[in-house]
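2 protein chains.
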Amino acid sequence: MWRTIQVVATVEHTVAVAVAAGGGSEAVDEHNLIPPFNFAMVDNGIFRSGFPDSANFPFLQKLDLRSIVYLCPEPYPESNTEFLKSNEIKLFQFGIDGNKHDHMTALHFLSEPFVNIPEDTIREALKLVLDVRNHPVLIHCNRGKHRTGCLVGCLRKLQRWCLSSVFDEYQRFAAAKARVSDQRFMELFDVSSVKHLPMSFSCSKK
Amino acid sequence: MWRTIQVVATVEHTVAVAVAAGGGSEAVDEHNLIPPFNFAMVDNGIFRSGFPDSANFPFLQKLDLRSIVYLCPEPYPESNTEFLKSNEIKLFQFGIDGNKHDHMTALHFLSEPFVNIPEDTIREALKLVLDVRNHPVLIHCNRGKHRTGCLVGCLRKLQRWCLSSVFDEYQRFAAAKARVSDQRFMELFDVSSVKHLPMSFSCSKK
Chain H
1 MWRTIQVVAT
11 VEHTVAVAVA
21 AGGGSEAVDE
31 HNLIPPFNFA
41 MVDNGIFRSG
51 FPDSANFPFL
61 QKLDLRSIVY
71 LCPEPYPESN
81 TEFLKSNEIK
91 LFQFGIDGNK
101 HDHMTALHFL
111 SEPFVNIPED
121 TIREALKLVL
131 DVRNHPVLIH
141 CNRGKHRTGC
151 LVGCLRKLQR
161 WCLSSVFDEY
171 QRFAAAKARV
181 SDQRFMELFD
191 VSSVKHLPMS
201 FSCSKK
Chain S
1 MWRTIQVVAT
11 VEHTVAVAVA
21 AGGGSEAVDE
31 HNLIPPFNFA
41 MVDNGIFRSG
51 FPDSANFPFL
61 QKLDLRSIVY
71 LCPEPYPESN
81 TEFLKSNEIK
91 LFQFGIDGNK
101 HDHMTALHFL
111 SEPFVNIPED
121 TIREALKLVL
131 DVRNHPVLIH
141 CNRGKHRTGC
151 LVGCLRKLQR
161 WCLSSVFDEY
171 QRFAAAKARV
181 SDQRFMELFD
191 VSSVKHLPMS
201 FSCSKK
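If you read the sequences in order, they're chains H and S.
Sequential numbering of the first sequence, starting at 1, is according to the numbering used here.
Sequential numbering of the second sequence, starting at 1, is according to the numbering used here.
FYI, nobody ran anything at the bench for these hints, they're computed from the structure.
Errors might be hidden in some of the hints.
Put simply, identical chains are the same to the list, so a pair is met inside one copy or across any two.
List of simulated lysine to aspartate or glutamate pairs, EDC-like, C-alpha gap at most 20 Å [claimed, not checked]:
1) 90 <-> 64
2) 157 <-> 78
3) 62 <-> 169
4) 195 <-> 168
5) 62 <-> 74
6) 62 <-> 124
7) 195 <-> 64
8) 62 <-> 97
9) 62 <-> 43
10) 177 <-> 97
11) 195 <-> 119
12) 177 <-> 43
13) 195 <-> 74
14) 62 <-> 187
15) 90 <-> 119
Could you put together the complete structure from these sequences and hints?
Pasting the structure below:
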């Protein structure tokens with residue numbers, strides 16, 4: 001369902017990242033940290049974003065990430081893999097298709113509410129995100145809108161947010177690209193199967 | 001510059017809130033927590049939102065707030081004040097005007113970049129937000145877009161975010177209501193006067 005890359009830090013890797021980031025330490029000195037597109041804090045130890053590139057590495061290093069939950073089927077770029085190795089960050093990849101059906105009609109969405117968002121895969125990813133042993137964790141897909149939005153939305157349902165608030169947050173990141181199919185998926189997602197998981201994390205805890 | 005309301009919890013207040021919230025415990029049982037409009041986590045112990053009403057109280061109680069930084073000149077509603085008392089939440093109010101100049105021209109913005117956003121007031125509010133003794137703290141104005149967006153944007157500058165990322169976050173909440181004057185204010189805000197403050201809080205800390 002997902003694959004893990006065990007990594008080991010080396011001095012070369014650290015240097016490689018500094019170069020790839022165009023001089024990480026300089027960037028910090030210049031007060032020029034660049035979060036990934038659509039970056040946000042979801043909860044304590046849980047972050048979300050679009051696809052990070054080398055320009056974002058100096059910022060990501062400050063998050064002290066323990067793991068990344070990556071929701072696309074495409075292989076991880078070499079520079080990103082090197083960054084994970086040099087920072088001992090574990091990668092969990094879930095290959096969910098991009099679900100680009102922008103020209104579908106609302107009627108089509110209603111007849112196929114789960115277009116390319118597999119509930120079992122989201123449930124497996126959610127379990128990893130909820131496991132504090134993986135924190136701090138960054139969830140990302142390509143644009144941080146649809147796949148990431150659906151996973152975070154399911155997490156909010158588990159946190160007992162009302163559906164309108166779940167959609168409000170989803171739409172804040174998806175903006176003009178918001179999809180009826182994604183919101184149908186979140187609405188129909190059954191959280192009962194993950195309710196047994198420890199909900200120790202919470203906005204209220206530091 | 002700001003005023004503080006010292007509060008004491010009483011059983012009556014707790015009951016009053018439960019009623020005002022339409023039955024807080026029931027709402028929780030129904031998995032129906034309602035965050036305030038435009039609610040989000042800014043960093044550990046720091047939240048932002050639009051104006052909370054009684055429907056949001058059950059959710060806000062889960063944040064274990066120690067204080068609220070309120071950025072509007074209008075007096076706090078009685079039901080909200082009662083909620084603060086019953087939960088021993090300290091209120092810091094900064095009366096910043098709504099800055100509703102939607103019909104101004106870009107030229108006008110350039111000639112008056114600080115339209116109604118007073119830098120000294122934002123700096124004072126920022127100092128309170130950065131003080132971990134006030135955490136968890138909720139920052140809010142009316143819609144959680146402009147005044148709250150400017151304060152959070154100045155905090156991001158202090159966290160050394162590049163300006164384009166600061167604006168990206170601001171626009172996510174302001175959406176169609178994004179203002180050139182607010183972004184000019186954040187761009188010109190001088191963080192050097194608050195750089196001496198402890199930056200112990202960070203996305204990377206739990």
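Going through the hints against the structure:
| no. | hint | verdict |
| --- | --- | --- |
| 1 | 90 <-> 64 | within (12 Å within a copy, 32 Å between copies) |
| 2 | 157 <-> 78 | neither (35 Å within a copy, 31 Å between copies) |
| 3 | 62 <-> 169 | between (25 Å within a copy, 18 Å between copies) |
| 4 | 195 <-> 168 | neither (23 Å within a copy, 34 Å between copies) |
| 5 | 62 <-> 74 | neither (26 Å within a copy, 39 Å between copies) |
| 6 | 62 <-> 124 | neither (27 Å within a copy, 26 Å between copies) |
| 7 | 195 <-> 64 | neither (28 Å within a copy, 22 Å between copies) |
| 8 | 62 <-> 97 | neither (30 Å within a copy, 36 Å between copies) |
| 9 | 62 <-> 43 | both (16 Å within a copy, 13 Å between copies) |
| 10 | 177 <-> 97 | within (16 Å within a copy, 33 Å between copies) |
| 11 | 195 <-> 119 | within (15 Å within a copy, 46 Å between copies) |
| 12 | 177 <-> 43 | neither (24 Å within a copy, 26 Å between copies) |
| 13 | 195 <-> 74 | neither (31 Å within a copy, 42 Å between copies) |
| 14 | 62 <-> 187 | neither (35 Å within a copy, 23 Å between copies) |
| 15 | 90 <-> 119 | neither (23 Å within a copy, 43 Å between copies) |
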